[in-house]
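Same order as they appear, the protein sequences are chains R and D. 109 is the number that the numbering used here gives to position 109 of the first sequence; each next residue is one higher, with no gaps. 80 is the number that the numbering used here gives to position 80 of the second sequence; each next residue is one higher, with no gaps.
Just so you know, the hints here were simulated from the structure itself, not pulled from any lab data. Worth double-checking, as some hints may not be accurate.
What the hints assert, rightly or not - Straight line, CA to CA, 20 Å or less: simulated EDC-like cross-link-like pairs of lysine to aspartate or glutamate:
1. R:LYS105 - R:GLU154
2. D:LYS104 - R:GLU52
3. R:LYS122 - R:ASP184
4. R:LYS297 - R:GLU311
5. R:LYS287 - R:GLU326
6. D:LYS104 - D:GLU188
7. R:LYS297 - R:GLU261
8. D:LYS211 - R:GLU93
9. R:LYS11 - D:GLU106
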Amino acid sequence: MSIQIKNVSKKFGQFAALDNVSLEIPSGELVALLGPSGSGKTTLLRVIAGLEFPEAGSILFEDEDITDRTARDRRVGFVFQHYALFRHMTVFENIAFGLRVRPRKLRPSKSQIRDKVQELLKLIQLQTLANRYPSQLSGGQRQRVALARALAVEPSVLLLDEPFGALDAKVRLELRRWLRQLHDEVHITSVFVTHDQDEALEVADRVAVMNEGKIEQVGAPDEVYHHPASPFVYNFLGNVNLFHGRSEDDKLSFHEQPTGELLYARPHLLEIRRQANGGAHFRATIKHINSAGPLVKIEALSEWGAPVHVEMSQEKFHDLELVRNETVFVIPKEVKMFQNKAVS
Amino acid sequence: MAGAATLTARGVFSTRSESTRAVTESPAVRWILTGVALLFLGVFIFMPLAVVFVEALRKGLSVYWDGLTQPDALSAIKLTLIAAGIAVPLNVIFGVAAAWAIGKFEFWGKSLLITLIDLPFSVSPVVSGLIYVLLFGLQGVFGPWLAEHDLQIIFAVPGIVLATIFVTFPFVARELIPLIQAQGQEEEEAALSLGASGWQTFWRVSLPNIKWGLIYGVILCNARAMGEFGAVSVVSGHIRGRTNTMPLHIEILYNEYSFAAAFAVASLLAFLALATLVVKRMVEWRASRQATQALGELA
Chain R
1 MSIQIKNVSK KFGQFAALDN VSLEIPSGEL VALLGPSGSG KTTLLRVIAG LEFPEAGSIL
61 FEDEDITDRT ARDRRVGFVF QHYALFRHMT VFENIAFGLR VRPRKLRPSK SQIRDKVQEL
121 LKLIQLQTLA NRYPSQLSGG QRQRVALARA LAVEPSVLLL DEPFGALDAK VRLELRRWLR
181 QLHDEVHITS VFVTHDQDEA LEVADRVAVM NEGKIEQVGA PDEVYHHPAS PFVYNFLGNV
241 NLFHGRSEDD KLSFHEQPTG ELLYARPHLL EIRRQANGGA HFRATIKHIN SAGPLVKIEA
301 LSEWGAPVHV EMSQEKFHDL ELVRNETVFV IPKEVKMFQN KAVS
Chain D
1 MAGAATLTAR GVFSTRSEST RAVTESPAVR WILTGVALLF LGVFIFMPLA VVFVEALRKG
61 LSVYWDGLTQ PDALSAIKLT LIAAGIAVPL NVIFGVAAAW AIGKFEFWGK SLLITLIDLP
121 FSVSPVVSGL IYVLLFGLQG VFGPWLAEHD LQIIFAVPGI VLATIFVTFP FVARELIPLI
181 QAQGQEEEEA ALSLGASGWQ TFWRVSLPNI KWGLIYGVIL CNARAMGEFG AVSVVSGHIR
241 GRTNTMPLHI EILYNEYSFA AAFAVASLLA FLALATLVVK RMVEWRASRQ ATQALGELA
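Isolated chain R (complex conformation) (with noise of 0.2 Å):
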């Protein structure tokens, strides 16, 4: 079922969480809404599930206008942060809960229950533990459960909160391969909400960059990354170092002063050499060396006293021999340039 968010504004006292934010999800599609806390992410997504009521505009499901409806009503499967499960079922009860509430006529039968627990369990691969209680899992199973008992009620939208945010770096990284496999599987429409842009970019058809209540960006992980359209977009996405630069005539050029453009270069965009070659460069300071890792990552000073971050391969790094406090050239291999609005 595809949704439209339609001028969507939601205030929390003085704060507007939500400003006057749009979006349109396709149906099927698997979308993340990135952004730091406090950008109007999770009540964007609580909006969309009904836990939240937007003061102007409207949300619409597959064309009808679900604005006023609850959340009860709304047929929303919603993945809690901390996941939610009910602490005095087991397993087995908070993933047959939903289908134990519906009202006589639309219940489905003992067994039927019972069938399509069993199912869900399998899914999520945790068929021994429906007599366990939330207390008696670890966080990635938690999680799981969370997942399987929002599935259980067949919801036309699948929405999630921060779904691996409260789980160690390893658990994460599975746990997100398998959203995804999952999503491939039963390509229910999912959004996932989540302030860490590997997950976003990994995991999701399309990410939404949230910033104060607004949307910065919304395109393909690709596109956002390679082409993005603000320089909070970009800086959101990865590490970067910031100049003052200017470019005239297709000519780049590096300043110590403000010059009205903002050039952003990501660290493994930024090349190190020991001679000039002519194009755009600027001297730097080698100040730290970290070659611990896929990548040597390289603290530096610039000619004016400003930090510089660059990543290169292990064997660039060997074939160049680097040691601390010597000086270098930084060669940009790529730039992104946007007004500096302090100047202009």
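Given chain R, work out where chain D should sit, using these hints.
Coordinates of chain D only, in the frame set by chain R:
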């Protein structure tokens, strides 16, 4: 004290296995503290309790039994049960509703409501009783109207029930407010998003989550409802066989020098208190087991 000081110093500089010593006191201090606590308990709690049972049985079992089964005593027991039987369920409903509103919602006047819930704890019971006399007594605000319609509240059962409700209403609410506040709303939201109605959410999710706190509150509420003296004394009028509760009956018997009978009824109340403590302990034990489970859930 010198001994304690050196021990503390050694604890601080010692290896990890001994580090817990840093916070303990010397054996002498420990014995003195424990002894004082036990002595206090013995003098102020255990001795009076023992006296109640000894005095009640001093003249033999048959006198004890007579004291409990004379009509006035039976009527006092009955009235106490009626008052508690009405006050406790009403306060459960009120307590759950108030704790719910306070724990789950933001509204104007919330802190005022919290303060008002504590009022019966801070007001003298005699004043609590007097409020009802001033409201419903013959000279009271509603007195003439009540007299016209031939309704009697003060010096009758309704007054006793009202006073009991007033004095005991903080117990359930006070027990539940911190519990509900700590639990937050997520489980209820989950239930709603899964299609449960408000009523289903309450019975299947909210109530089981506050079960132990509620039982604990009910136990305390009941103990106080049966034992209340001051407020009930003011509104009761002490009409034997009609408006006397157990505590009031005990006072009358005692003032008439019927010590054996007074202590017999008192022993019943004391027994009730002991039973309450046992049940309370059991509930605490069950609840703490659930709490450790819940902690495991957070970890």
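So which of those numbered hints doesn't the model satisfy? 7
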